[in-house]
Every structure is written in C-alpha cells, then in structure tokens.
Amino acid sequence: MSSNDESRSAFERDVLAGLSATPKHLSSKYFYDDEGSRLFQEIMALPEYYLTACETEIFTEQAGEIVNQLLAEGNAIDIVELGAGDGVKTALLLKELLSKDPSATYTPIDISEEAMAELAENFRLKLPDLTIEPKVGDYFTILDQVRKSSQRRKAVLFLGSNIGNFDAERTASFFSSLRAVMNEGDLLFIGFDLQKDPRVIHRAYDDAGGVTARFNLNLLERINRELGGNFIIDNFLHYANYRPIEGSARSYLISREFQKVEVAGREFTFEPWEPIFTEISQKYTLSMIERYATGAGFGVVTNFFDRRRYYCSSLWQPK
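Heads up: the sequence shown runs through residues 5 to 323, numbered per the working numbering.
Warning: the hint list may mix true and false statements.
[Claimed, not checked] When the alpha-carbon atoms are kept at most 25 Å apart in a straight line, the in silico BS3-like pairs for lysine-lysine are as follows:
1) Lys130 / Lys99
2) Lys130 / Lys104
3) Lys200 / Lys152
4) Lys28 / Lys323
5) Lys152 / Lys139
6) Lys152 / Lys323
7) Lys33 / Lys99
Derived from the structure by calculation, the hints contain no laboratory data.
Let the hints inform the model, and build the full structure from the sequences given.
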C-alpha cells in the first residue's frame with residue numbers, strides 16, 4: 005500500500021468513526037489538506053488572529069537572544085520544525101542562527117506536500133546558504149530517523165501554539181513521545197497561547213470575514229472530494245466559543261436542519277442544530293507550561309514573551 009493509500013485509509017477510518025460517535029466529532033488534523041493549508045495562511049494574516057503577530061514579534065525582536073540560548077552549550081545545532089507551514093517566523097530565527105553557526109541545517113516536517121514544496125522553494129530564495137531537507141510524514145517517525153542519522157544537537161520547533169489543538173491527555177502524551185526521540189543536549193521550542201481577555205480569544209476563532217468558517221467547512225469539502233461524501237456545505241454553519249474556566253476555545257460545525265449524508269458508502273443522520281466538534285484551542289498559564297514540561301521529563305530553560313504577554317515561546321531541555 006502506498007503512503008497516499010495509507011493516508012486515505014486513516015482519514016476514512018477516522019471520519020467514519022467520528023461521525024458514528026455521540027457526539028459527532030472530526031479531527032482538526034485533517035483541516036490541513038492543500039486548500040486547508042492555504043486558508044490557514046489567510047487566517048494567520050487576519051487582524052483578529054493575534055497569535056501570528058505575537059509570535060512574529062518575539063522572533064523579530066528577540067531572535068538574537070533565542071539563538072544565544074540555542075548555542076549556549078557552545079556546539080553546533082540543527083533545526084527541526086514540526087508543522088512548518090510557511091516558515092516565515094522560522095526564517096527570522098534561521099537567518100540569525102546562520103550568522104553564528106553557518107553549518108546549521110533545517111529539516112521542516114509537515115503533512116502537506118504542497119506546503120513543503122513551497123516552503124523549500126521560498127527558503128532557497130531567502131536563505132540560499134541554508135541546507136534544507138524537507139520531510140512529509142509522521143512527526144515522530146521522522147524525528148527518530150533524524151536522531152539516528154546525525155549526532156549533532158537538534159532544536160525541535162513546534163510553533164503557532166499548535167499544541168493547543170490537543171486535549172490535556174494527548175498533550176502530555178505528545179511531549180512524552182517527543183522526549184523519547186530526543187537526545188541529551190537537544191532542545192524543544194514550543195509556542196503557547198496564554199490565557200487573556202476572553203473576548204480577544206473569541207474573535208480570533210470567529211473572524212468577521214468568515215475565513216475561519218471557510219477553513220472549518222473545507223473539512224466537509226475534503227470529505228466530499230476524497231471519500232465520496234455528499235455533504236451540502238450550505239446546510240452547515242461554523243460556531244466557535246471560548247470557555248474561560250477551562251481556558252479553551254472550541255469550534256463546531258452545526259447542522260442547520262434534519263438531513264442524511266453519505267460518506268464512503270455509509271449513511272449518517274443529522275438532527276436540526278446537531279454539532280460536529282472539530283477543534284479545541286487550549287490557552288495556557290505559566291504554571292501549566294511548567295507542569296507539562298516537568299511531567300514529560302523536560303526542564304524549562306527560559307520563556308520569551310511578546311510585549312502584551314499574550315504569547316509565550318518556551319524553551320525546554322531534556323532532563
């Protein structure tokens with residue numbers, strides 16, 4: 005079976021299981037087909053979506069200090085990025101790193117082949133002296149391969165508060181799995197969106213222009229394209245809210261009416277206003293960050309913040 009067939013098989017299996025569950029749910033990891041990746045680039049440019057601006061501010065104004073921390077042990081380091089996207093923020097860091105360690109290499113990992121191809125081309129234009137080795141596939145499998153193929157230290161980047169898409173149990177498991185494929189002396193650099201005014205957070209996931217709605221609804225389009233679904237997209241609406249007690253934003257696709265939908269030869273019934281849960285976006289406190297690090301066998305080296313302290317880029321090291 006080819007990797008594309010395996011990916012489709014997993015997609016089909018997860019979609020059928022999610023639509024059969026009560027309540028219905030679909031995994032946000034399937035947002036990012038090529039169209040979803042393009043829409044997410046639009047989201048990151050929205051004024052309501054403060055996360056990108058905050059993280060870019062940190063990388064723009066503190067790149068020198070971040071690189072000093074990466075090179076604090078005095079020896080060379082390579083950058084591995086999980087879910088690299090467009091790589092704009094990473095380019096700021098790599099430019100600074102190359103000025104101090106010209107031997108540094110960059111291995112971006114993503115599930116979108118189109119995103120990786122565009123990223124590699126952009127980086128070859130922006131940073132022609134950089135050795136870039138893009139990979140498409142599973143984070144942990146590729147990280148383990150990278151770990152075994154080179155004895156050089158690695159700094160693993162997981163930016164954009166992508167960690168917020170995991171619930172607490174999966175977050176702890178993710179960090180433990182990362183620790184298992186990292187060596188002593190490696191570093192982990194994670195973006196965390198911090199808890200703040202609930203209204204600011206809500207607007208970030210329910211923008212006035214409806215780009216986030218199209219991003220969520222594209223998942224139904226993808227099911228139609230790849231799994232022979234017959235979702236009528238206009239029969240669903242996107243709904244997002246923020247729960248300040250839990251510190252999480254949540255997104256749903258809501259059925260506007262009673263309807264039956266076929267996917268991969270199976271029929272699913274939707275009641276009027278029945279939700280499909282699609283995404284959690286967790287927001288953090290500094291004590292939560294510390295607990296996750298310690299629980300997975302890391303220590304927090306230092307935290308970097310934007311001026312408003314909306315966002316934290318946290319540097320960890322295996323204990």
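*If you check each hint against the structure, which ones fail?*
3, 4 and 7
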